[in-house]
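**Student:** Sequence:
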Amino acid sequence: MLAGESSAIRQVLALAEHVAVTDTTVLILGETGTGKELLATYIHEESARRARTMVRVNCAAVPESLLESELFGREKGAFTGASDRQVGRFELADRSTIFLDEIGDLPANAQVKLLRALEERQIERLGNPKPIHVDTRIITATHRDLEAAVTEGKFREDLFYRLNVFPIRMPALRERAEDIPSLVWRYVTGFAKSFGKRVETITSDTMATLQRYPWPGNVRELRNVLERAMINARDGELRIELPHPLLRDQRRSDRLEDVEKEHVRRVLDVTRWRIRGPNGAADRLGLKPTTLESRMAKLGLTRPAAVAS
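Be aware that the sequence shown starts at 18, since it is given in the working numbering, and climbs by one per residue.
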């Protein structure tokens, strides 16, 4: 279940609720470990298709030679080693939802067939040209920049536009640090029950440290860190050892300009480089927007191309 009270996660949930009641194709974007599959599950469970199981496929985990038959099925004898007929995942997801994770890793031949499935709601099993109609709602996810992949010729432009009907971006954990305390207690409570241990308090210093840490692995990394801490917990005390990125932070330059530049960049990342408005970067830093823009120019900070305006 998706958890959090931050404005970032509440916006995501609102978008999910709006699109769930439709059959619109959804593209979920976000870094590894942000909970993209959880969001896909939430959309399915809020939809009219919830009575049937959502079918899940990790496009990066299936060998390229088998992916087409995995998605669309095959007839007996379709290729060497195909000793029996196989129903594909799209057929299994008829009148339900199919979730295609890591869609950015889909090979070119499978991209062509997926495009047809999206356009015509028909598939063909390998070894049988007879089209099969499927009523399947499609949700995809990726941590890759698909627009860049299109530009580089690694992803079909027509398929991208078919998938990008209703994009939802999952925020990184560092962009919703205010959700960390509730996430921590949710995981700690679960692990305490599993391990037969009890943790009644977590110090404010520990929680503040968790909120300062950049979490490159996002919610998945947080869960792993807490699981290790719970395994080692003694006498109701939770000692949390953070991974290496914090050590890298400690070795950074102590020059005032470098410290200022890193701090401003981190605030800009958290706000998705939004300078103006309530809770924008200028507001968080206690500066006028024009003053912040001047400081950014002096520090050489420019908006990354991958960040939407």
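It is worth saying that the hints were derived from the structure and are not from the lab. Any given hint could be a false lead.
Heads up, simulated BS3-like pairs for lysine-lysine below, C-alpha to C-alpha not over 25 Å straight-line [unchecked claim]: (1) Lys305 - Lys315; (2) Lys305 - Lys278; (3) Lys130 - Lys171; (4) Lys130 - Lys147; (5) Lys214 - Lys171; (6) Lys278 - Lys315; (7) Lys93 - Lys171.
Since this is a predicted model, take the numbers as computed values, not measurements.
**Student:** Now tell me, hint by hint, if it's right for this structure.
**Tutor:** Going through the hints against the structure:
1. Lys305 - Lys315: OK: Lys305 and Lys315 at ~15 Å, within 25 Å.
2. Lys305 - Lys278: holds (17 Å)
3. Lys130 - Lys171: Holds - the C-alpha atoms of Lys171 and Lys130 are around 16 Å apart, at most 25 Å.
4. Lys130 - Lys147: holds (14 Å)
5. Lys214 - Lys171: Violated, at about 49 Å.
6. Lys278 - Lys315: holds (10 Å)
7. Lys93 - Lys171: violated (32 Å)
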